[in-house]
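Go by the hints and put chain Z onto chain D.
Here is how the chains run, residue by residue.
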Amino acid sequence: MIKVLNYYANPGRFRRLSEKMYPWSLGLTIIFLLLGLWFALFNSPPDYQQGETVRIMYVHVPSAWMSLFIYSAMTIFSIFSLIWKHPMADLLCKSSAPIGACFTLIALVTGSIWGKPTWGTWWVWDARLTSVFILFLIYMGLIGLVRAIDDQVKSARACAILTLMCAIIIPFIKFSVDYWNTLHQPASIIRAGGPSIHHEMLIPLFLMAVSFMIFYFSFVLLNAQTELYQRRLKAIFIKNVEDKK
Amino acid sequence: MNIARIKRRRRILFLLLGFSALSISGTLILLATRDSIIYFYSPTELLNKNNIENKLIRIGGLVKTGTLKRKENLKINFVVEDGKNEIKVEYQGILPDLFREGQGVICEGKVIKNNIFSAYKILAKHDENYMPPEVADALKKSGKWREGENN
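Taken in sequence, the protein lines are chains D and Z. The first sequence lines up with residues 1 to 245 when you count with the numbering used here. The second sequence lines up with residues 246 to 396 when you count with the numbering used here.
Excised from the complex, chain D in its bound form:
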């Protein structure tokens, strides 16, 4: 394991591997997304209470999962970056933040659209909604911070430290619906006693979740490749300037 990690600490090797994997994972994303959307829109039953409105769940819930998953992944990358100084961990952490922010925004917006017909309100400041909004602000803060510092090493370290400090929001979001009275209902999937969603509705939910997961995988690789090319361009540019002196 450590050998593999060390092997891919080399940016060139990492880039070549990710360029090989990217088209496959993008293809898988599209296949799962089409399959998931087909099940979600045409081949799953309406809910006994909410009717057709329940179909918002197939976008809302996987996005919310991804917003938490990506932040957890960034926390792990930050630990690798701070303790083992793995250069690709910095890169992956930086590349993950915009994707995480997008998923959080999608979860917030679809949740709001879902909330109006079911709860009777677009937005309330309960513990779950507020904490997810804070997660969105954290993502934006991280994106800003990592781009505000020019020095690569310093910006990576600042980003890793802030990621770790804010990681406490993740358990807070997960358990907010159980510990504090909230308008948002408690967890349906990961809870004691098994999922409380009918299996015909679980199929599109998991297909969408898988497609969002591979989407994240492909786009984090794409972001990382772009960043590596940018760094190389910068290095070439600096070398040219210095050669002319």
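These are computed hints drawn from the structure, not numbers from a lab. Just so it is clear, CB atoms sit at the ideal spot from N, CA and C, and this is done for glycine as well. Heads up, some of the hints might be wrong.
To be verified - If you want the footprint, here are the derived chain D segments under chain Z, 3+ residues with CB under 8 Å:
#, region
1, 50-60
2, 82-93
3, 112-125
4, 192-198
Positioned in the frame of chain D, the structure of chain Z alone reads:
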């Protein structure tokens, strides 16, 4: 042991200490401020509060079956219960689609008299169960239906 390993070990220790300090302090803050973080009081929690008359608060629970009375001009009365205690609620206005007897509800308003709550806003709370209508009907027929149990 070489310097790099000693340094790495120090970084791990520092991170562990920092992380545990942050999470312990965060947990303590959240535990201490539970009252201002919760979105609504249940009728039981409401009983233990003093000085709440004429203050803007939210209560939540289930609409007790058989207590919903509709009057003229969109006025309604119902009872909110949490299994142990209950409170009467008055409201006038438009209700969310999911509002019905046995359903979770959150009311924003004031306690006006002894155990009467005057709501100016009502939100429906839905539970974490999702199923097709046919399954719900089948459950109701077979007597395995547990209305609002998980709210």
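Q | Unsatisfied constraints (hint numbers, rising) | A | Hints that this structure does not satisfy do not exist here, as all of them hold.
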